[in-house]
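*Asks:* These protein sequences, in sequence, are chains D and E.
Oh and the first sequence: position 184 is 184 in the numbering used here, straight run, nothing missing.
Oh and the second sequence: position 517 is 517 in the numbering used here, straight run, nothing missing.
Be aware that one or more of the hints could be misleading.
Copies of one chain are not kept apart here, so a pair can be met inside one copy or by any two copies together.
[Claimed, not checked] When the alpha-carbon atoms are kept at most 35 angstroms apart in a straight line, the in silico DSBU-like pairs for lysine-lysine are as follows:
#: 1; residue 1: Lys495; residue 2: Lys150
#: 2; residue 1: Lys155; residue 2: Lys503
#: 3; residue 1: Lys495; residue 2: Lys58
#: 4; residue 1: Lys425; residue 2: Lys306
#: 5; residue 1: Lys4; residue 2: Lys553
#: 6; residue 1: Lys398; residue 2: Lys425
#: 7; residue 1: Lys528; residue 2: Lys209
#: 8; residue 1: Lys4; residue 2: Lys394
#: 9; residue 1: Lys503; residue 2: Lys157
#: 10; residue 1: Lys155; residue 2: Lys528
#: 11; residue 1: Lys495; residue 2: Lys101
Worth flagging that the hints you see were computed from the coordinates, not collected in a lab.
Number of protein chains: 2
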Amino acid sequence: MPEKIVVIGGVAAGPKTACRVKRLLPDAEVVIVDQDSLISYGGCGIPYFVSGDVSDEKELRSTSFHVVRDEGFFRDAKGVTMLTRTRALAIDRQAKTVKVKQLDTAEITELPYDKLVLATGAAPNRLQIPGVDLEGVYVVNDMHRAMAIKNDLAKGKVAKAVVIGGGAIGLEMAESLADLWGVETTVLEYMDQLLPRIVDPAFGAMLEKHLKDNNVTVYTGESATSLESNDAGRVCRVVTPKRSIEADLVIMSVGVRPRSDLAKEAGLLVSEQGSIVVNNRMQTSDPAIYAAGDCVEIINQVSGMKNNAPMGSLANRQGRVAADNIAGIPSQFEGWVGSFIMKAFDCCIGGTGLSHNTAKTLGYDAEVAITAQSDRAHFFPTQAVIMLQMVFDKSSRKVLGIQGFGPMNDSVLARINAGAGLIAKGAAIEDFSNLELAYAPPFSTAVDALNATANVADNLAAGRLRTVSITDFLQWMEKPQAKPQWAALDIRHPKEAAEFVGKFGPELWQAVPYVNVRSRYNELPHDKMLIIICDAGTRSSEVQVFLDSVGLKNNLVLGGGFNAIRRIGADWWPS
Amino acid sequence: MPEKIVVIGGVAAGPKTACRVKRLLPDAEVVIVDQDSLISYGGCGIPYFVSGDVSDEKELRSTSFHVVRDEGFFRDAKGVTMLTRTRALAIDRQAKTVKVKQLDTAEITELPYDKLVLATGAAPNRLQIPGVDLEGVYVVNDMHRAMAIKNDLAKGKVAKAVVIGGGAIGLEMAESLADLWGVETTVLEYMDQLLPRIVDPAFGAMLEKHLKDNNVTVYTGESATSLESNDAGRVCRVVTPKRSIEADLVIMSVGVRPRSDLAKEAGLLVSEQGSIVVNNRMQTSDPAIYAAGDCVEIINQVSGMKNNAPMGSLANRQGRVAADNIAGIPSQFEGWVGSFIMKAFDCCIGGTGLSHNTAKTLGYDAEVAITAQSDRAHFFPTQAVIMLQMVFDKSSRKVLGIQGFGPMNDSVLARINAGAGLIAKGAAIEDFSNLELAYAPPFSTAVDALNATANVADNLAAGRLRTVSITDFLQWMEKPQAKPQWAALDIRHPKEAAEFVGKFGPELWQAVPYVNVRSRYNELPHDKMLIIICDAGTRSSEVQVFLDSVGLKNNLVLGGGFNAIRRIGADWWPS
Numbered sequence: 001m002p003e004k005i006v007v008i009g010g011v012a013a014g015p016k017t018a019c020r021v022k023r024l025l026p027d028a029e030v031v032i033v034d035q036d037s038l039i040s041y042g043g044c045g046i047p048y049f050v051s052g053d054v055s056d057e058k059e060l061r062s063t064s065f066h067v068v069r070d071e072g073f074f075r076d077a078k079g080v081t082m083l084t085r086t087r088a089l090a091i092d093r094q095a096k097t098v099k100v101k102q103l104d105t106a107e108i109t110e111l112p113y114d115k116l117v118l119a120t121g122a123a124p125n126r127l128q129i130p131g132v133d134l135e136g137v138y139v140v141n142d143m144h145r146a147m148a149i150k151n152d153l154a155k156g157k158v159a160k161a162v163v164i165g166g167g168a169i170g171l172e173m174a175e176s177l178a179d180l181w182g183v184e185t186t187v188l189e190y191m192d193q194l195l196p197r198i199v200d201p202a203f204g205a206m207l208e209k210h211l212k213d214n215n216v217t218v219y220t221g222e223s224a225t226s227l228e229s230n231d232a233g234r235v236c237r238v239v240t241p242k243r244s245i246e247a248d249l250v251i252m253s254v255g256v257r258p259r260s261d262l263a264k265e266a267g268l269l270v271s272e273q274g275s276i277v278v279n280n281r282m283q284t285s286d287p288a289i290y291a292a293g294d295c296v297e298i299i300n301q302v303s304g305m306k307n308n309a310p311m312g313s314l315a316n317r318q319g320r321v322a323a324d325n326i327a328g329i330p331s332q333f334e335g336w337v338g339s340f341i342m343k344a345f346d347c348c349i350g351g352t353g354l355s356h357n358t359a360k361t362l363g364y365d366a367e368v369a370i371t372a373q374s375d376r377a378h379f380f381p382t383q384a385v386i387m388l389q390m391v392f393d394k395s396s397r398k399v400l401g402i403q404g405f406g407p408m409n410d411s412v413l414a415r416i417n418a419g420a421g422l423i424a425k426g427a428a429i430e431d432f433s434n435l436e437l438a439y440a441p442p443f444s445t446a447v448d449a450l451n452a453t454a455n456v457a458d459n460l461a462a463g464r465l466r467t468v469s470i471t472d473f474l475q476w477m478e479k480p481q482a483k484p485q486w487a488a489l490d491i492r493h494p495k496e497a498a499e500f501v502g503k504f505g506p507e508l509w510q511a512v513p514y515v516n517v518r519s520r521y522n523e524l525p526h527d528k529m530l531i532i533i534c535d536a537g538t539r540s541s542e543v544q545v546f547l548d549s550v551g552l553k554n555n556l557v558l559g560g561g562f563n564a565i566r567r568i569g570a571d572w573w574p575s
Numbered sequence: 001m002p003e004k005i006v007v008i009g010g011v012a013a014g015p016k017t018a019c020r021v022k023r024l025l026p027d028a029e030v031v032i033v034d035q036d037s038l039i040s041y042g043g044c045g046i047p048y049f050v051s052g053d054v055s056d057e058k059e060l061r062s063t064s065f066h067v068v069r070d071e072g073f074f075r076d077a078k079g080v081t082m083l084t085r086t087r088a089l090a091i092d093r094q095a096k097t098v099k100v101k102q103l104d105t106a107e108i109t110e111l112p113y114d115k116l117v118l119a120t121g122a123a124p125n126r127l128q129i130p131g132v133d134l135e136g137v138y139v140v141n142d143m144h145r146a147m148a149i150k151n152d153l154a155k156g157k158v159a160k161a162v163v164i165g166g167g168a169i170g171l172e173m174a175e176s177l178a179d180l181w182g183v184e185t186t187v188l189e190y191m192d193q194l195l196p197r198i199v200d201p202a203f204g205a206m207l208e209k210h211l212k213d214n215n216v217t218v219y220t221g222e223s224a225t226s227l228e229s230n231d232a233g234r235v236c237r238v239v240t241p242k243r244s245i246e247a248d249l250v251i252m253s254v255g256v257r258p259r260s261d262l263a264k265e266a267g268l269l270v271s272e273q274g275s276i277v278v279n280n281r282m283q284t285s286d287p288a289i290y291a292a293g294d295c296v297e298i299i300n301q302v303s304g305m306k307n308n309a310p311m312g313s314l315a316n317r318q319g320r321v322a323a324d325n326i327a328g329i330p331s332q333f334e335g336w337v338g339s340f341i342m343k344a345f346d347c348c349i350g351g352t353g354l355s356h357n358t359a360k361t362l363g364y365d366a367e368v369a370i371t372a373q374s375d376r377a378h379f380f381p382t383q384a385v386i387m388l389q390m391v392f393d394k395s396s397r398k399v400l401g402i403q404g405f406g407p408m409n410d411s412v413l414a415r416i417n418a419g420a421g422l423i424a425k426g427a428a429i430e431d432f433s434n435l436e437l438a439y440a441p442p443f444s445t446a447v448d449a450l451n452a453t454a455n456v457a458d459n460l461a462a463g464r465l466r467t468v469s470i471t472d473f474l475q476w477m478e479k480p481q482a483k484p485q486w487a488a489l490d491i492r493h494p495k496e497a498a499e500f501v502g503k504f505g506p507e508l509w510q511a512v513p514y515v516n517v518r519s520r521y522n523e524l525p526h527d528k529m530l531i532i533i534c535d536a537g538t539r540s541s542e543v544q545v546f547l548d549s550v551g552l553k554n555n556l557v558l559g560g561g562f563n564a565i566r567r568i569g570a571d572w573w574p575s
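For reference, chain D alone in the conformation it holds in the complex:
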């Protein structure tokens, strides 16, 4: 008798598992059930469908060769039975059956299985606040909502929108509303920075400024307490503890939680956070039942912690491993590192591994190297600066994470991708110093930005470089009198430094150009802590070494320099 494989869930991990199982076991009967009518869509593409970059929702449900992945496609091309509008109600592990209900006919049947795959995904969180069910309030988790949002926009119903939640999906939605539809858009983030936990405050601040420069209003440390409606019952206002914001559309993007009720009710092991527990072969506590995708808990390869990590790319990889093991191939899913990338108007932000804050919370002896380097040869016409940060453990010299902020091309991606595999393997700073990134002037620099960042980390770890954090520098500039012993040493070209010296005076803002420090260091005060500042931090590091050698050891380097400050913005900036 052919082996029977039942897969619950028709997006990402489910179809991936089902189709590969069918390829590995061509004689097996493979059935997918999903309660939705629209399945196998690229959920991460929803913001680009809403924006209009993707004109038809069918494109999100199509293969690269432009065939819609519907029931017929799975039957004809894949040999897989796709039962849509079919809800899995319960699993009988003894009988090895799944009870399912066809939602249109209300017919209930039992599907027998030899192997069962749970790819039940995640459900969007909703704030429990008044007005959450009003018309015009959406979560973004399926094609129906995506189409409804786009419909509202197309019909001219939306002049003002509020996005609740400053994570990746919320921000992508904010861009799609503001950029192509010209909607007056506000983002509310409860935490005190955008992309909290994912990036560190300096990178969140660069992103925030770029969004604001593109007419998106951003309020951090603030969330909605209620939603108010107009006479027609549609949302018209978002109320926060600090203000009231008009809105015809509210996108609620406040995270997801794994859908694990079926698993729990069947007695499978589920974590305290509600994720289905699997081994590294994607097997649940019942050896006949596998699980993959947003519903499971996986191990972070850097921290060793187990988390729910709802990402389409991970779901696909897990699906492949589940399929392999169902077919008797001993593949393993070793965990995740946290690679991500996000477009934000003309810029992009990405990362992999742990953030500095997360690393510190986990008890690492974590420090950061920040650089501002050209993405390609500085003489090549299309060059631009990318900001890179390397988080490392000072004791072990292990690299824990990388973050990048740069122009909207693949230059940040190229550095994040270079780091992802090495970080998963526990690589150290020297692995990144010597990492042989491809070099030609139209693509990179002889010492690649990532190598340069590792070299800064190396100098920091060895105590050959002392830095001040961007946060500490900005706090000081906000209130210089709090640290009267500090003074800036601006080593840029005199023309660049002039307006700062003019505004702040030489007590606070000294200027000696980089090329003159060796001949003019006698002009510098001995009683001050000098904060050495250039555009990127590279020249400042050299100046620190020199000043130290002549006995002026009271100094710190601002890593990332003016390139960082300019991207974050400061109201003390000379106008």
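On the provided structure of chain D, position chain E as indicated by the hints.
*Replies:* Then chain E, alone, in the frame of chain D:
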């Protein structure tokens, strides 16, 4: 007494070593000598200076903050003495001195050293053929020649050019002549493909077609036997065994050889190939003498073979390691893997690790997985196809190399960089299947092109996929009667397949669409070896699995499919 460090060579490795030594040992006296007047230039930028992308040669000699790296800069900013127009004549290892001659004054002096660094670089090869010294015949190895070439172009002296040598520098020069100056340009390559040894024939062929599409004439398997002059003594013609080509300019780009005479005469260990032998701390056979850059021999981390690898990026990394060790920091240079990338008009080509041909020559059980995948979500407006190849060892499953060909952006770079560090660490196919590349639709696909290539390699290594090579397929199509038992099975959309069926007839060219194979496989012949063809190879692999399962096991998949063939070009293509 301060330590005395003498560095011979003022480009890349030399200045890098000198400046870092000075930072690590601020009290040391650091001197660089170079026989040229123009030093510390970005040699890899020369093609972009010649093309006009970089307008002034000074930009190639400037820092990212636009200061020219001349003698004064090294003195004032770096605290390093740069002696230009100063040739090192001999090393006295007992006395620890270097005899140098100032070329303008002819004065000879002895520079004492505690540590000596040889960064003598490489000298360009010249073909020993008649006419090699004619006016208008150039090698590309320093700024003087670069300026002379550009001068010839700017003065309108050049209507037709021949580049001898189809390596990276030759091809970059060919583009710069053809693209911005509109020069009628021909490339001659002695080997039977472009970028020989670096990429495999299929990738060389894609590059060749793209150059030809951009009006560069390419002859492979052909080199110059003599150069002829006009009455004014300037080159006017390049003669090969097959033809005579008019040329007002000839660029000779036929490789380089390490400059190691000084080292050899001083009794240092030099390899048979003429490279200075160093340990992984960049120390020569004399512990007081270090060497770095194009003049040394380094180990290939994949093959374990020692080679000369003249690359600006490697030179900088080696310089850093040499400086560290001179200053007592035990850094190591572990070797190289062979990462490279090159712009070619609207496309780029890159790679890392070993090519398939090299791997086979070295005795590996090497096979290749070739894919044609979207660089970003197929529904994202700017998506394009990139061709990727993974070379792996079937026995050990170790990944030996990656090659990529794609549009002129950083998408190939992002995949090459992702592979470089892992290949250096001896990673296996599964490391690439699970490699967590950053995903968002504007940047990549949920299963990244590199993951997908690894998945194909996995299927190949496990015997779950059988392919025909692109070369074998093209040979067959050139002469189908040589293999009358073969037939193409075109599984694309019927509209796409129609003109092929029309031209070749159903004996040679069968067409059954992918989505219909499960219902129509009975139409297929049992006595033929079916070559399954789609656009990328993905659907073909699925069809192979299905046909095998119904007993039609006589079939092979064309990896890369029509995307590969289209990029290589074929004269049998229906017009």
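*Asks:* Hint by hint, note whether the structure agrees.
*Replies:* Checked hints:
For the homomeric pair Lys495 and Lys150, the shortest alpha-carbon distance between copies (33 angstroms) is at most 35 angstroms, but the shortest distance inside one copy (50 angstroms) is not. In this homomeric assembly, Lys155 and Lys503 never come within 35 angstroms of each other (Cα to Cα): the closest approach is 51 angstroms inside a single copy and 50 angstroms across copies. Taking CA atoms no more than 35 angstroms apart as the test, Lys495 paired with Lys58 passes between copies only; the shortest distance there is 21 angstroms, against 56 angstroms inside one copy. In the homo-oligomer, the alpha carbons of Lys425 and Lys306 lie at most 35 angstroms apart both inside one protomer (17 angstroms) and across protomers (26 angstroms), since each shortest distance falls under that limit.
In this assembly of identical chains, Lys4 and Lys553 lie within 35 angstroms of each other by CA distance solely across copies; the values are 25 angstroms between and 73 angstroms within a copy. Taking the shortest alpha-carbon separations for Lys398 and Lys425, both the intra-copy value of 10 angstroms and the inter-copy value of 15 angstroms come in at or below 35 angstroms. Within a single copy, Lys528 and Lys209 get their C-alpha atoms as close as 32 angstroms, which meets the 35 angstroms cut-off; across copies the closest is 64 angstroms, which misses it. In the homo-oligomer, the alpha carbons of Lys4 and Lys394 lie at most 35 angstroms apart only across protomers (32 angstroms), although the nearest pairing inside one protomer, at 52 angstroms, exceeds that limit.
Proximity of Lys503 and Lys157 under a CA criterion of 35 angstroms is satisfied in neither setting, with 48 angstroms inside one chain copy and 55 angstroms between copies. Taking the closest pair of Cα atoms, Lys155 and Lys528 never come within 35 angstroms of each other, the shortest separation being 62 angstroms inside a single copy and 58 angstroms across copies. Neither within a single protomer nor between protomers do Lys495 and Lys101 lie at most 35 angstroms apart by alpha-carbon distance, with minima of 74 angstroms and 41 angstroms respectively.
Going down the numbered hints, you'll see the structure goes against 2, 9, 10 and 11, while the others check out.
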